[in-house]
Each structure stands twice: as structure tokens, then as C-alpha cells.
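Asker: What follows is each chain in one-letter form.
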Amino acid sequence: MDIQLEHFDKSIQQDISIEPKDWMPDAYRKTLIRQIGQHAHSEVVGMLPEGNWITRAPSLKRKAVLLAKVQDEAGHGLYLYSAAETLGADRDDMMDKLIAGKMKYSSIFNYPTLTWADVAAIGWLVDGAAIVNQVALCRTSYGPYARAMVRICKEESFHQRQGFEAMMMLANGTPEQKQMAQDAVNRFWWPALMMFGPSDDHSPNSAQSMAWKIKRFSNDELRQKFVDNTVPQVLQIGLQVPDPDIRFNEETGHYEFGEINWDEFYAVLKGQGPCNHERIEARRKAWEGGKWVRDAAAVFAQKQARKKVA
Amino acid sequence: MENKNNWSLYEVFVRSKQGLSHRHVGSLRAPDDEIALQNARDVYTRRNEGISIWVVKSELITSSQPDEKSEFFDPSLDKVYRHPTFYHIPDGIEHM
Numbered sequence: 000m001d002i003q004l005e006h007f008d009k010s011i012q013q014d015i016s017i018e019p020k021d022w023m024p025d026a027y028r029k030t031l032i033r034q035i036g037q038h039a040h041s042e043v044v045g046m047l048p049e050g051n052w053i054t055r056a057p058s059l060k061r062k063a064v065l066l067a068k069v070q071d072e073a074g075h076g077l078y079l080y081s082a083a084e085t086l087g088a089d090r091d092d093m094m095d096k097l098i099a100g101k102m103k104y105s106s107i108f109n110y111p112t113l114t115w116a117d118v119a120a121i122g123w124l125v126d127g128a129a130i131v132n133q134v135a136l137c138r139t140s141y142g143p144y145a146r147a148m149v150r151i152c153k154e155e156s157f158h159q160r161q162g163f164e165a166m167m168m169l170a171n172g173t174p175e176q177k178q179m180a181q182d183a184v185n186r187f188w189w190p191a192l193m194m195f196g197p198s199d200d201h202s203p204n205s206a207q208s209m210a211w212k213i214k215r216f217s218n219d220e221l222r223q224k225f226v227d228n229t230v231p232q233v234l235q236i237g238l239q240v241p242d243p244d245i246r247f248n249e250e251t252g253h254y255e256f257g258e259i260n261w262d263e264f265y266a267v268l269k270g271q272g273p274c275n276h277e278r279i280e281a282r283r284k285a286w287e288g289g290k291w292v293r294d295a296a297a298v299f300a301q302k303q304a305r306k307k308v309a
Numbered sequence: 000m001e002n003k004n005n006w007s008l009y010e011v012f013v014r015s016k017q018g019l020s021h022r023h024v025g026s027l028r029a030p031d032d033e034i035a036l037q038n039a040r041d042v043y044t045r046r047n048e049g050i051s052i053w054v055v056k057s058e059l060i061t062s063s064q065p066d067e068k069s070e071f072f073d074p075s076l077d078k079v080y081r082h083p084t085f086y087h088i089p090d091g092i093e094h095m
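Those protein sequence lines, which keep their order, are chains A and B. Residue numbers in the first sequence follow numbering that gives the first Met the number 0, run continuously in steps of one, and reach 309 at the last position. Residue numbers in the second sequence follow numbering that gives the first Met the number 0, run continuously in steps of one, and reach 95 at the last position.
Bear in mind the hints are in silico, worked out from the structure with no lab data behind them. Just so you know, even glycine gets a beta-carbon here, dropped at the ideal spot from N, CA and C.
Cross-link-like lysine-lysine pairs, in silico, BS3-like; alpha carbons within 27 Å at most: (1) 177(A) / 60(A); (2) 306(A) / 56(B); (3) 307(A) / 56(B); (4) 101(A) / 29(A); (5) 56(B) / 302(A); (6) 153(A) / 103(A); (7) 56(B) / 20(A); (8) 20(A) / 68(B); (9) 224(A) / 153(A); (10) 290(A) / 56(B); (11) 68(B) / 9(A).
Per the computed footprint, the stretches of chain B lying under chain A, defined by three or more beta-carbons under 8 Å from a beta-carbon of chain A, are: (12) 23-30; (13) 56-65.
Residues from chain B that keep clear of chain A, each with C-beta distances beyond 12 Å, as calculated: (14) 16; (15) 18; (16) 19; (17) 50; (18) 51; (19) 72; (20) 79; (21) 85; (22) 94; (23) 95.
Work the whole structure out from these sequences, hints included.
Answerer: If you want it as C-alpha cells, here you go:
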């Protein structure tokens, strides 16, 4: 047992990735199932806010792009559930826990998409934040998770760029379109910053996750990187950052920004955000309503298998 | 009838256009082989990744044990004569 732990610690130190059949501490396994499972749920629940605008996309091109994007999210969910299953988690069981509110998903998807510009804001800001987070996870210590992240990052950069382009079109459009773009940035800026999680001094899982190299950078480091990347993009298309305290610090080379509304963040996490109930309800309806279809497919497969044997 | 978890886990292998062999790209769950193949097509070859797909039920795969690693793979280390670099060829001999 001690030899196993020693071997595990050594692998972590030497950046040798941990693979499904390797021994690992129970707490490492548990925290990964939690993190990967919730990551998978975020992809699945994340289809809802954007899916809300598929039938109302303003042009056939934007509609086709949005469809492709939502299809990608489904695929990302699948990669991640597969990665979680290599740790012994069960996919159906994780879905049950999501619906029962026993597993979380990203706080961002509890915000409504009120206008078309919100879809652009999600692509640009929300997927942009996801990329910063996920690029860092491409070197996470658990092999299957790292490999899923490599695949996902390639596809996310399509999402981010299409979102930015859609937003740029609005920002360069009529005064009404520009206003719509600005409103969407105002609504999604802070929720996007919250995607990086609590600040470092309030992040209970961080220390252990950093020690195990599940996380390679702290929440605040990644959030800072996102702000540094994104503020120039906002300004470049002629929009404003909805933060009176934002300013570039010549000495540090970083943007300084205002305090996040942590009360709002924790309320959303606790299920009291604008759309928490609606999102889970939609998932529950699809899961329960689709049960007979899943059963039919399983029974048909059993019948085919019997035929083959006979 | 309760059919929870009756969808099998499948491993997916894809051979790319220039690729010589099928490469493992991931896994998915499906009720049967046909649907596994269709889903693999949709999920793993959306961007020209390949021209041939294999799906195989994960339960059919036997893999080596990590804790046997040393015993299992050691023999390749003590047979250095299996490698061409083991043999000394004098200078001036070309194309060998």
C-alpha cells in the first residue's frame, strides 16, 4: 500500500500521466470523478441556453454554425463521460445525480439568453473562458482527462472565433445592433469571470488538486489570464467592459479589475440563479421522457444478439 | 422493464486518410454495434479525421497490468542485438 502511494507520488512528481489501471488514492479518484463528471454535465446543460436560439438564428449561416456548435458540445459531453467512466463512475448514475441536484454543472449556464447577441457572447466570452481553463487542463495528471481536453480545445477554438465574429458583426452594425451587442457583454462579462471559480483563498479543493497536478494553475491566475486576453478584444470592436475599475497596470503588465459579486456566485451555485430550475427541469424531462426509447433500443439489441447466437 | 446501463461501452479506432493503422480515439456508449458505428462517425469524424472506423465492445479487450510492467516488458531491454544500432559497420560502407 505504501509502495503504491510512493509510486503514485513519484509518477505525479515526474509528470508521468496516471492511467485507468494504475493505482491511485481514493480521494484522487473521487475528486476526478467529481470534476470530470461536472465538466461533462456542463457540456450537456450548456446546450440549452444556445439551443434556445437555434430556431431563431438571424441567418441560415449563423443557424448552421450554431447547430454545428451544439453538436460539438454533445460530443464533448460524451468524451468527458467516457473519461469519468475510466475511473469507475457510471454514466446513467451521473445523470441521475445531476437531475437530483447532487452533482453540479458550470454556473454560467444558469443565465438566460435573452437576445441573439447573447449567443455570440457565449461563443466569444464563455467559450473563451472555457478555453483558458481547458488549455491548462491539457497537462492535467490523469491521462484520459488530459486527452479529452486536447480534443475539446481544438473544437472550442472554432466556437470562440465564430462567437467573436458574430459579435463583431453586431458591433459594426446598426446602432440598435451595437446596443444589443453591448447589452450582451454587460450581461455575460461577470458571469464569464465567475466560471473560474472562487478566489484562491476561498477554494477548498484547490490545494490538493494543485498538489496532485489535476490543476496546474490557480483559479485567480486563470481568471487574470482571461481578463488580459479579452479586454483588448472588447475594446478592439468598439465595445466597453462593464467594470468601472478596469485599468491596465503598466508595471505588472496586467489588467486590474473590480471585485466579483461573490454573493451572486454562491447563490447561483446553490441553485438560486435565474435558470437553475428551468435547466434541470429540461434535463429531467428529456431523461425521463426518453426512457422508453432507450429501453426499446436495449431490448432490440438483445433480440438481435439472440438471433446471432441462434 | 428496467434496462438501466444496458448500453455497452465501445472503444473507437479510426484510420485517417494518410494513416497506416487504426488509432484509438476514444469511447462511447451504444445499444448495439450498428448504432455504435453511426455515433462514432458523428462524434469522432466530424472534421475529416478518418476514412475507416472500428468499434469494439470494451469488455472484449484484455490489457496488460500496470504492476507487471517491469517483468512484462523487461525482455526487450536485455536483447539489444535486436536493434540495428548494435552492430558496428566500418566507415565508408554506405547505404546500410
